[in-house]
Amino acid sequence: GAGVSQSPSNKVTEKGKDVELRCDPISGHTALYWYRQRLGQGLEFLIYFQGNSAPDKSGLPSDRFSAERTGESVSTLTIQRTQQEDSAVYLCASSDLAGGYNEQFFGPGTRLTVL
Amino acid sequence: AQSVTQPDIHITVSEGASLELRCNYSYGATPYLFWYVQSPGQGLQLLLKYFSGDTLVQGIKGFEAEFKRSQSSFNLRKPSVHWSDAAEYFCAVGLFSGTYKYIFGTGTRLKVLA
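Protein chains in written order, with our numbering: chain A, 1 to 115; chain B, 1 to 114.
FYI, nobody ran anything at the bench for these hints, they're computed from the structure.
The calculated lysine-lysine pairs, modelled on DSS-like cross-linking and capped at a C-alpha distance of 27 Å, are:
1) A/Lys17 x A/Lys57
2) B/Lys49 x A/Lys57
3) A/Lys57 x B/Lys101
4) B/Lys61 x B/Lys49
5) A/Lys57 x A/Lys11
6) B/Lys101 x B/Lys49
When you get a sec, could you build the whole thing from the sequences and use the hints?
Shown next, in the form of structure tokens:
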């Protein structure tokens, strides 16, 4: 596709359930980022994938959060035993090269609501 | 610790007026600097970026930003605001700390009055 896509666009779940969020980066982009955006707040870095290197998981807030990426394609962010404080918009971004100067292309986000 | 501060949570300007959005960063060296815009219902879009060279950077949609090393600032400006500029604006720094990371400010929401 032309841009980064994310699914679902909206997810409502009950506290304690597991959820899986999907990100399809731009084809050929080696770097992929996940962020969390709580209402009225900035983007909070969660995890970074670069090619086949070990991901940088330093932003994951707890062990309930995990993410996978197969090669340079789709990534999934999984939240286990969801809590109400997990409610947020989860954004995925990709870029074509590693490095702090490269533009990130963002998807439209998945809005997660935990009841 | 590295941080990005956008001191203005909300700004309201009249259409046609000038605009300046403030951004300050805390980092030991000059980071990569970015401004992104998030329009309602849309993803974040890059407006402009800076790392070196001319400290006045031109971006898309008529925006510019000026890097001031002495003030650790990277303020975004536009001479004449259009109603379509109403959005949320995020300043970000890109840095290397083991891996490449981006730190975003909390955003400034711009409202434009007709």
